[in-house]
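Novice: Protein chains in written order, with this note's numbering: chain A, 1 to 382; chain B, 383 to 764; chain C, 765 to 1146; chain D, 1147 to 1528.
Everything labelled a hint here was simulated from the structure, so no lab data went into it.
Treat each hint with caution, since some may be false.
Unchecked claim - Quick list of in silico lysine-lysine cross-link-like pairs, DSS-like style, CA-CA up to 25 Å: (1) K1413/D - K649/B; (2) K855/C - K1068/C; (3) K1450/D - K1237/D; (4) K686/B - K473/B; (5) K1031/C - K267/A; (6) K91/A - K304/A.
All of these numbers come straight from a predicted model, not from anything done at the bench.
There are 4 protein chains.
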Amino acid sequence: MRQFVKQAVVPYERDARMTAHGPSDALRIELNALARRAGLFAPQLSAELGGLGLTHLQQALVFEAAGYSPLGPIALHCAAPDEGNMHLLAKVANAAQRDRYLRPLAAGECRSCFAMTEPHPGAGSDPAQLATTARRTANGYVVQGRKWLITGAANAGFMILMARTEADGQNLGATMFLVPLPNPAVRIVRLIDSLDSSFSEGHAELAIDALEVGAADVLGEVGQGLRYAQVRLAPARLTHCMRWLGAAMRASEIALGYARQRHAFGKPLAEHEGIGFMLADNDMDLHVARLTTWQAAWLLDQGKSARHESSRAKVIVSEALYRVADRCVQILGGLGITGDTVVQQVFRELRAFRLYDGPSEVHRWAIARRLASGEPRAGERK
Amino acid sequence: MRQFVKQAVVPYERDARMTAHGPSDALRIELNALARRAGLFAPQLSAELGGLGLTHLQQALVFEAAGYSPLGPIALHCAAPDEGNMHLLAKVANAAQRDRYLRPLAAGECRSCFAMTEPHPGAGSDPAQLATTARRTANGYVVQGRKWLITGAANAGFMILMARTEADGQNLGATMFLVPLPNPAVRIVRLIDSLDSSFSEGHAELAIDALEVGAADVLGEVGQGLRYAQVRLAPARLTHCMRWLGAAMRASEIALGYARQRHAFGKPLAEHEGIGFMLADNDMDLHVARLTTWQAAWLLDQGKSARHESSRAKVIVSEALYRVADRCVQILGGLGITGDTVVQQVFRELRAFRLYDGPSEVHRWAIARRLASGEPRAGERK
Amino acid sequence: MRQFVKQAVVPYERDARMTAHGPSDALRIELNALARRAGLFAPQLSAELGGLGLTHLQQALVFEAAGYSPLGPIALHCAAPDEGNMHLLAKVANAAQRDRYLRPLAAGECRSCFAMTEPHPGAGSDPAQLATTARRTANGYVVQGRKWLITGAANAGFMILMARTEADGQNLGATMFLVPLPNPAVRIVRLIDSLDSSFSEGHAELAIDALEVGAADVLGEVGQGLRYAQVRLAPARLTHCMRWLGAAMRASEIALGYARQRHAFGKPLAEHEGIGFMLADNDMDLHVARLTTWQAAWLLDQGKSARHESSRAKVIVSEALYRVADRCVQILGGLGITGDTVVQQVFRELRAFRLYDGPSEVHRWAIARRLASGEPRAGERK
Amino acid sequence: MRQFVKQAVVPYERDARMTAHGPSDALRIELNALARRAGLFAPQLSAELGGLGLTHLQQALVFEAAGYSPLGPIALHCAAPDEGNMHLLAKVANAAQRDRYLRPLAAGECRSCFAMTEPHPGAGSDPAQLATTARRTANGYVVQGRKWLITGAANAGFMILMARTEADGQNLGATMFLVPLPNPAVRIVRLIDSLDSSFSEGHAELAIDALEVGAADVLGEVGQGLRYAQVRLAPARLTHCMRWLGAAMRASEIALGYARQRHAFGKPLAEHEGIGFMLADNDMDLHVARLTTWQAAWLLDQGKSARHESSRAKVIVSEALYRVADRCVQILGGLGITGDTVVQQVFRELRAFRLYDGPSEVHRWAIARRLASGEPRAGERK
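Make the full structure from the sequences, and use the hints.
Specialist: Structure representation (structure tokens):
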């Protein structure tokens, strides 16, 4: 996996199909073919779906190797949001939905998106603010609303759509729907300029107007959307940690190489204590990020919910890796702010990671509430 | 000034002439005209050069107001690198050079650039590594070398070029030359992709091949280039602090406004302690940045070199303002990583500021050496 | 002042009368005599009370000089809590109270204490939790309650006592009372072991049982206690900043001297970048602390309440000076944790300062609420 | 183990034999008896020496439990410096030395000390500065020098003494000697006042004058002292991490309990986000410290040197646990700086831990040098 990413994927990083809104689908399809040929496609999937049936801990190793290039997870079909969507569908979709949505997605025949967040004042960190509605009709539901920062929506084959369900004036809670795309009732208002640029087709804003969804396209049960979101998010947060650990490793290798080679004030940068201490801090932050990710992955492999550990990992890892990326920029000096190395992109991605899947503040508060309620002892797993 | 920037300049922030490599010259010229009409053009210049003859402390107030928009300093002709170049020329240029270079620059008839930094293994933080050479000839000098990350070089009217001077096999030290642009011996190899995007025409890489410079275009004396660089840099660092203080104020206003209006978990973000503490930290960092900048400006007004204070200000202010921008991104959540507010750009600019004009590490070491030599008592100005 | 503290006061730092609970009264009296002889006693007081009538900004300079030794403020009679008590009495006491309490205190004939905080669940950061009661009787009040962490209570000549006032079953709010000490109804339960050790006679826990106070000993008006506490605290926080700035200067001088003299790995510590960066950070933190303190002091001199700036200064200065002390310990290595230099004591005092007069969290929240209410713009004074 | 420490040891924390220089030997002997009776004495020792023959990873669990009370490791005879000394002797001592020194120490019949560090300008972080000399004589060695900050020297049964060995004017390098105490040639000059107070009999300064040591009391080989110091230090650093993790767990439990019970501004502290975030950060720092310690212990169990991991663990764990202790003090408010809870002591101990066994700076530099030499990839173990 490491070799494949270094040798086959990294050269594509300067491909013209890398846009400010992320790699284009054409690039993805070309990379997917390479991965299939190498026998490395979608390794996280079950054997039945064409993968290697990896445990979470095995995924940690493989996804880190994939994350070494921003294009690695896309090439290997283990990138967000598809990877999390496949996980969710594998857990919740019924047989017909598996055939219609999961199989082609698993095969890389299409991409998917996950449409939960909304523009102000709708749902962001607080899912209770969900403003998109799915009103019950005779044959199914009619959805109305606006979604925002929906990763990979452009050119996606379908979306998992979260909406507040209403029937006979009653609020039935959030429900997930499967919606084939493109769809005349779902308009891509714009691609949103964003600090990051590693997701296929970037982030879109969607206007949903009188979208009709049949009852067969309810994912799981009505009103269980928030619960399923947790099913998706706890491991999804962790796979983010794994992939971005690889990205931060890459940045730190580049910075270390530069510090060993570049001279200033009479000796290599790496022999200046000020720079050396930054290299050491990178080493320690990467170590901590890896151990934290592995422990949570191992816990999932034990069949535990790892809710607490997933929150911990999200905060610890995103903040540690961000510090690494920030130091790498600083070590590279002027070079660090240019696009001449991938470090600048890694820095931008990791800044965004501190906000994805719940900003640090939301997770700190979730951890704090559990501690205050007496659930785990501080510093211990349940 | 504040009103002018808010009302006349801010609307241009979404102008199509704002590119990934910074605002185009056409946009600059249009904005300059507005500033002239408002009587606010180049306020830092002496009255003789058409400015208001502001003290450094007065500049601190005016430049902060200008920095409220990334386009403000450009509109008002007090942006880097022109502002520092004018300062340098006013101090060092002879009468003929003032007429030929300073006057048209002061009038906004052209832009200029400052060509010091070089690609590896040339001059970066350590100017002793200067690799571009100016070899003495019968009539002047022939310059050979490569310059890198040269802000505003594209479409500039002239450049101040730093090169190691050699005559008869002897190293005469670094010298500054004035070079009209465009020039067939100076090729713009490329515009460099960069994290920031607020400088006119971005950052270029230049190949200088057999460039002939007449003796009359030596700026000041041969071999005094590094000394003049200090003449330029000490105040230039401080005007960076002033302008970016304005930018950080803008970001913090946007974040505060958002925190007061956006609800999550049952109340406005600003009423969550976690967010409130970030707002308070912004308030304190901005306060500290302002006081530090003002103190150093005041010292320059007393005729002091303020070398130590300029280093202090560079580190304190760039790091404090960066923390502010980072918190603003965090407070805005998903919105913070989009281009929907100017906060994302301010964040990118301030990350770069931690590297411009000497990274924090170089200044920390300069401060440390002075302390170790017994020069100032820790925490006191000499 | 600087000379007096260095030459006359510093030698007493190893006096046997320095106990774990702070310097004894006998030591204070001896030091006060030296200060009087030098004409430097109680410089902050008005000329009428025997002082020099300094402005707040002048106090900043003088108190910093005093704080150079933990014994300096005690010698000069500008230490907490007496200094703040004198300030409060000068503002609020009536003529008779001035004669009976303020004059002897100003003359150094006695010490005083300020009895507000209580053991759990009474008043701490939140004064609304005041549990000590003063019940109205025919001739005055009967006070009942427990006070905790009352600095300098042992051997004090009187205390300013805060209690919730009740009359006819009605809560009249918090009131301040003047209570001569010793008093049979006020029992010193114990001296409390504490991290700090620079306050005269340490911190006591008091049991108050059926204490009778006459109406003439109400300080100011009934029910105005919390307002007077603010009269006392806003400048008292600032004088803490001033004195501890001096202490941190002292620590940083010791650390710098050590770093210049002590060798490790072939060169003086100060020539190691890792140590040099710490010295530079100390220099910058001290600079920021001084500017912040001066700005707030200057604002008080303009007749402003400086409520916002006092909160800012408390947080900025206590945290900056603590970082300085922590780095000094680190630079000194093993020596830093011993009592062989005063650095260890300064470290302990500054840790405590982050909690005195409102912990950082209370001030951050106060700042945040003002920002959220639209009162000052972030980073600006009103 | 947890139960024993909580029920049998914690009550002794307020014993009068706890002095500012640490617990007295009388207290230790009483506690040792309890541990023996509970079958928990010296669990880390081999079965042959009366212990349980724990692996390093098992030690991590047991030492954490012991560290829950500052007296726990002393009671269980797994405290520094004896624990590290026993480890060293078990590795290096010959049969006669095992009988004479290791057996009685393992049985708790005496204590020992490790005499390496010296007053300025002798050996501190840089062992090359060793100034104490052992001059070769006909029958052995004569040692001359001064040792400083020697933990547990007072009342110790013997010391392991490091000295620079000289024979016939030649420097043979550092050698370790076994020296029975008390000894008329070894004078305890004083007990040194120190920030910490958990080591038996505190830290002493020793004057060694014409101390005669026989050749039989050379530990291991002449000139191998620095190598043996590494044999001792790599695991000793780790057992420090284990014990202090327990101490930080204790502090965090106390802080959490207080935050759940203590009200301010209308609700329990723990329901304030500002406090909640501190509790969450404690939880995460404790988690990271535990994982880091376990990983390094596991590596030692694999027979690896774990030199790199031991340095990492020292920095990561000491700094993480210190942050925990600092936050606990802050959460407790005024109570935190008093001796009313053990938190204040834990804070003091952990501040010292950042300096023991090599300050963070020495380890950061060691890590940096290995990275710069290409030894491990950043963030990876070799």
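Novice: For a quick check of understanding: which of the numbered hints are violated here, in increasing order?
Specialist: none
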